[in-house]
Amino acid sequence: MIPLAVNAIVKVDGDNIDYALKLLKKKVEREGLIREIKRHTYYEKPTEVRRKKLLKARRKQQKLVRKLKEKYKYY
Numbered sequence: 000m001i002p003l004a005v006n007a008i009v010k011v012d013g014d015n016i017d018y019a020l021k022l023l024k025k026k027v028e029r030e031g032l033i034r035e036i037k038r039h040t041y042y043e044k045p046t047e048v049r050r051k052k053l054l055k056a057r058r059k060q061q062k063l064v065r066k067l068k069e070k071y072k073y074y
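Take 0 as the starting number for the sequence shown in numbering that gives the first Met the number 0 and just add one per residue.
Any given hint could turn out to be false.
Each pair of labels, with its calculated beta carbon distance range [unchecked claim]:
no., residue 1, residue 2, range
1, Q61, G13, 31 to 39 Å
2, V9, A56, 31 to 39 Å
3, Q60, R29, 37 to 45 Å
4, N6, E69, 38 to 46 Å
5, K59, I36, 20 to 28 Å
6, I8, G31, 14 to 22 Å
7, K70, R34, 25 to 33 Å
8, G13, T46, 49 to 57 Å
9, N15, T46, 44 to 52 Å
10, K10, I36, 18 to 26 Å
11, D12, Q61, 45 to 53 Å
List of simulated lysine-lysine pairs, DSSO-like, C-alpha gap at most 30 Å [said to hold, decoys possible]:
no., residue 1, residue 2
12, K51, K70
13, K51, K62
14, K25, K37
15, K55, K70
16, K51, K25
17, K25, K62
18, K62, K44
19, K26, K59
20, K21, K10
21, K24, K52
22, K24, K59
23, K37, K51
24, K59, K70
25, K26, K51
26, K37, K24
27, K24, K51
28, K52, K26
29, K44, K55
30, K37, K10
31, K52, K62
32, K55, K72
33, K55, K66
34, K62, K37
35, K72, K59
36, K52, K66
37, K25, K10
38, K62, K24
39, K52, K68
40, K21, K37
These are calculated hints, taken from the structure and not from any lab test.
Beta carbons: idealized from backbone N, C-alpha and C, even for Gly.
Full structure from sequences and hints, please.
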């Protein structure tokens with residue numbers, strides 16, 4: 000596992016801890032830290048990386064085709 004140095008600061012006004020946690024979660028999500036940590040928890044072969052990339056591109060293309068068909072009512 001790759002150690003990450005994360006310095007995320009959220010200031011709390013008053014006793015609103017829930018709001019501070021919400022802001023922290025949004026910061027972490029926006030920076031993609033959780034995704035990176037999950038991606039680096041185990042070794043992934045280069046072929047698996049390419050395969051996942053290809054599948055992601057296919058799904059994205061299929062989604063685009065579905066949206067275009069729906070938009071132009073082409074079946």
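Against the structure, the hints:
no.: 1; hint: Q61 to G13: 31 to 39 Å; in the structure: violated, 48 Å
no.: 2; hint: V9 to A56: 31 to 39 Å; in the structure: holds, 36 Å
no.: 3; hint: Q60 to R29: 37 to 45 Å; in the structure: violated, 26 Å
no.: 4; hint: N6 to E69: 38 to 46 Å; in the structure: holds, 44 Å
no.: 5; hint: K59 to I36: 20 to 28 Å; in the structure: holds, 24 Å
no.: 6; hint: I8 to G31: 14 to 22 Å; in the structure: holds, 18 Å
no.: 7; hint: K70 to R34: 25 to 33 Å; in the structure: holds, 30 Å
no.: 8; hint: G13 to T46: 49 to 57 Å; in the structure: holds, 53 Å
no.: 9; hint: N15 to T46: 44 to 52 Å; in the structure: holds, 48 Å
no.: 10; hint: K10 to I36: 18 to 26 Å; in the structure: holds, 25 Å
no.: 11; hint: D12 to Q61: 45 to 53 Å; in the structure: holds, 46 Å
no.: 12; hint: K51 to K70; in the structure: holds, 29 Å
no.: 13; hint: K51 to K62; in the structure: holds, 16 Å
no.: 14; hint: K25 to K37; in the structure: holds, 17 Å
no.: 15; hint: K55 to K70; in the structure: holds, 23 Å
no.: 16; hint: K51 to K25; in the structure: holds, 26 Å
no.: 17; hint: K25 to K62; in the structure: holds, 26 Å
no.: 18; hint: K62 to K44; in the structure: holds, 27 Å
no.: 19; hint: K26 to K59; in the structure: holds, 26 Å
no.: 20; hint: K21 to K10; in the structure: holds, 12 Å
no.: 21; hint: K24 to K52; in the structure: holds, 27 Å
no.: 22; hint: K24 to K59; in the structure: holds, 27 Å
no.: 23; hint: K37 to K51; in the structure: holds, 15 Å
no.: 24; hint: K59 to K70; in the structure: holds, 16 Å
no.: 25; hint: K26 to K51; in the structure: holds, 26 Å
no.: 26; hint: K37 to K24; in the structure: holds, 16 Å
no.: 27; hint: K24 to K51; in the structure: holds, 27 Å
no.: 28; hint: K52 to K26; in the structure: holds, 26 Å
no.: 29; hint: K44 to K55; in the structure: holds, 17 Å
no.: 30; hint: K37 to K10; in the structure: holds, 27 Å
no.: 31; hint: K52 to K62; in the structure: holds, 15 Å
no.: 32; hint: K55 to K72; in the structure: holds, 25 Å
no.: 33; hint: K55 to K66; in the structure: holds, 17 Å
no.: 34; hint: K62 to K37; in the structure: holds, 25 Å
no.: 35; hint: K72 to K59; in the structure: holds, 20 Å
no.: 36; hint: K52 to K66; in the structure: holds, 21 Å
no.: 37; hint: K25 to K10; in the structure: holds, 14 Å
no.: 38; hint: K62 to K24; in the structure: holds, 28 Å
no.: 39; hint: K52 to K68; in the structure: holds, 24 Å
no.: 40; hint: K21 to K37; in the structure: holds, 21 Å
Violated hints, in rising order: 1, 3; the structure is consistent with all others.
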